[in-house]
Amino acid sequence: MKHAAISADENAGGMFRKWPFFQRLLSWTKPYAPFEQGTREYERYDWNSLLPEEKACRALMCSMMDGTSYYPSRPEMQRNLEAFADRTGVAVRYGCRWTGTRRDGDRWVLETTDGEYRCQVPIFAVGVAEPWRPQMPGVEDVPHYAETRPAETYAGRRVFIVGKENSGFELATGFLQWAKQIVLASPSPAKLSINTRSLVGVRARYVQPYEDHVLAGGVIVLDASIERVERTGKTFRVHTRKAESAAELVFEVDDVIAATGFTSPIQDLVKLGVATVGRNKLPAQTPFWESASVPGVYFGGTIHQASPGLRKHGLPSNSGGVNGHRYNGRILARRVAKKHFGIDPERPVVARAEVVSYLLHEVTNAPELWHQKSYLARVLVQDPKRGIVDDGILPLQSFLDSGPADGVAATLEENPTGDIYPVLYTRRGGVSAEHALPPHPLHDFRTRDHEKAVVAALEGLLL
Amino acid sequence: MRSAPDDISETLAGLAIFADLSRPEVERIAHTLEERYFAQDERVLREGLSGSAFYIILDGEAAVIAGGKRVNTLGRGEFFGEISVLLGEAPVADIVAARPLRCLVLPGELLKEFLQTNPRVCYRILVAEARKLANATRRGG
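Chains as they are written, first to last, in my numbering: chain R, 1 to 463; chain B, 1 to 141.
None of these hints come from the bench; they were simulated from the model. Be careful, since some hints might not be right.
Mimicking SDA-like on lysine to any residue, the simulated pairs with C-alpha atoms at most 25 angstroms apart in a straight line are [what the hints assert, rightly or not]:
no.	chain 1	residue 1	chain 2	residue 2
1	R	281	R	131
2	R	18	R	155
3	B	112	B	87
4	R	271	B	123
5	R	271	B	109
6	B	69	R	207
7	R	452	R	463
8	R	191	B	115
9	R	338	B	69
10	B	112	R	65
11	R	338	R	392
12	R	30	R	7
13	B	112	R	201
14	B	112	R	244
Here chain B is said to cover these stretches of chain R; the calculated rule only asks that three of the stretch's residues, wherever they fall, bring their Cβ under 8 angstroms from a Cβ of chain B [unchecked claim]:
no.	segment
15	44-55
16	185-197
17	233-243
18	452-462
We treat Cβ as the ideally placed atom computed from N, Cα and C, and that holds for glycine.
Assemble the whole structure, with the sequences as input and the hints as a guide.
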């Protein structure tokens, strides 16, 4: 497809040119893994590399890391993205800021600092990195996470952090050896990733302040509404109220930081009818990352987190991270090519005798399914002319809610007790059915029992 | 309807099932639930599929489809999904957005704890369920 990419930044790297504040990522890349670097299966262990067609440009993250941690540093991640853009020859017009949007017949016109671009399909991949603050008296006057000063300037000070998600706990972790007192507060209890069993929740790396809190050190993790923040000379007074007792607690502190998250700078898209959702007002999207209210407007990158999929058993997608949205991006490119440009990507035929082993190999090793559980699925459909056709990796929701072709979608799911297991969704004559396969202690589903379960699910459909 | 509400707590406070709560309690709930937006005709709940959730309608309209027929319509302040979650069974009907629909969602696994933590909300839900049962009994009679 003929396309143009523009970026307001001066080079590749996006938010990783600035953040995380303490200069180390939360997403890992394991240089030594059960599979060779550069293979598809290895992607499961490398959350940070992008996915090029060129073999020589795969798994680039590993080559940028100095071996001190399996979490890349911020500069390493920036170099990874810069090297990807450079080596794959991705053509981007940098230093070109999108400033406005309008329709002109069947075209979209993007106004930019370098003039106007006209296109059939705009894809807005503008990130979720614009500081966001809730409506809370006084919070508009305190620094956001994005405006945090160097950690040593908080030495001996009392710091109140509004927000108990990763950014709040990241700051608290970095302040542990500097601040005299740290308070982290928000209305609901902190969620820890090891309890939610997902990336929604404070990651294990940042749990140290929580341990300090439960051992009654200098950190207080408070579940309370923050009613207002007042500046009192050189200090702040923060008024909070606990939900259970309705008792007011007032804190005198030296610094207040709003670790209240980020939103997406979607500019005038709301005026054009793009619906938004959630506290940070991200654009509501279809399973194929198209605006849920303005057809033809698409989104890319971390904004995909606002297309939640089924969220079975409450499990979120990983679309807010590179390891999730990099797969969505591939699907989106194929979708746009087919829907708007009439380019139908190749769909190979799968021999009937290979269906069972193929599906079990996919649920055991496919990185798309491991990174995007109950969100993406391997889809096989019955084509009256060609036989069994591999429809590729697709959003599970689209398979369940789309047309009448008989077929199967294979995905991975996780239940509340932590079992990870494959699920086959079959569709016969427009009727969907769910077939959960047993878990396996080593997550290797290529067993006789699993084969029997797949055969039972697909009998009379694809077998 | 297009834009997410600036303060979800304000919206919640206006719904009957949260009418007995203090402001801090409403804020805690607002932080616990996730907001979702469904385009018209998008399926929200799927008959026969496990792992669903509890939904509270903030705005819009949802159709209850059973046996291919629309059997009920739900609007602002009403809720659905709780029966399959409480019984540990898959939903027995589809729920489809009849118009653009904005909901708050609580994963099914968290419903029990949510009801125990918020007994006044639990009571309001129980009253609503009793009303539904009474209406169904009347229709049946």
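Now the hints, each set against the structure:
Annotation: proposed proximity of residue 281 of chain R to residue 131 of chain R holds, straight-line Cα distance about 12 angstroms (limit 25 angstroms). Straight-line distance between C-alpha atoms of residue 18 of chain R and residue 155 of chain R comes to about 23 angstroms, which keeps the hinted pair within the 25 angstroms bound. The hinted pair formed by residue 112 of chain B and residue 87 of chain B meets the criterion: a straight-line CA distance of about 11 angstroms does not exceed 25 angstroms. With a C-alpha separation of about 41 angstroms, the suggested pair residue 271 of chain R and residue 123 of chain B falls outside the 25 angstroms cut-off, and the hint is violated.
Distance check on the hinted pair: residue 271 of chain R and residue 109 of chain B sit about 37 angstroms apart at the alpha-carbon level, beyond 25 angstroms; violated. Using a Cα cut-off of 25 angstroms, the hinted pair residue 69 of chain B and residue 207 of chain R is violated, with the two alpha carbons roughly 50 angstroms apart. Straight-line distance between C-alpha atoms of residue 452 of chain R and residue 463 of chain R comes to about 12 angstroms, which keeps the hinted pair within the 25 angstroms bound. In summary, the hint linking residue 191 of chain R to residue 115 of chain B is supported, as the alpha carbons are separated by about 18 angstroms, within the 25 angstroms threshold.
With a C-alpha separation of about 33 angstroms, the suggested pairing of residue 338 of chain R with residue 69 of chain B is violated against the 25 angstroms cut-off. For the hint linking residue 112 of chain B to residue 65 of chain R, the alpha-carbon distance of about 45 angstroms lies beyond 25 angstroms, and the restraint is violated. For the suggested pair residue 338 of chain R and residue 392 of chain R, the alpha carbons sit about 13 angstroms apart, so the restraint of at most 25 angstroms is met. Between residue 30 of chain R and residue 7 of chain R the alpha-carbon distance is near 30 angstroms, which puts this suggested pair outside the 25 angstroms criterion.
A C-alpha spacing of about 20 angstroms is found between residue 112 of chain B and residue 201 of chain R, which places the hinted pair at or below 25 angstroms, so the restraint holds. Between residue 112 of chain B and residue 244 of chain R the CA atoms are separated by roughly 18 angstroms; this keeps the pair inside 25 angstroms, and the hint holds. Taking a C-beta to C-beta cut-off of 8 angstroms, the segment 44-55 of chain R contributes 0 residues in contact with chain B, too few for the three needed, and the coverage statement is violated. Restraint check on the segment 185-197 of chain R versus chain B: 3 residues with Cβ-Cβ distances below 8 angstroms, three needed, restraint holds.
Given a C-beta distance limit of less than 8 angstroms, the hint that chain B covers the segment 233-243 of chain R holds, as 3 residues qualify and 3 suffice. Residues of the segment 452-462 of chain R lying with their CB closer than 8 angstroms to a CB of chain B number 0, which falls below the three-residue condition for coverage.
Of the numbered hints stated above, those contradicted by the structure are hints 4, 5, 6, 9, 10, 12, 15, 18, listed in ascending order.
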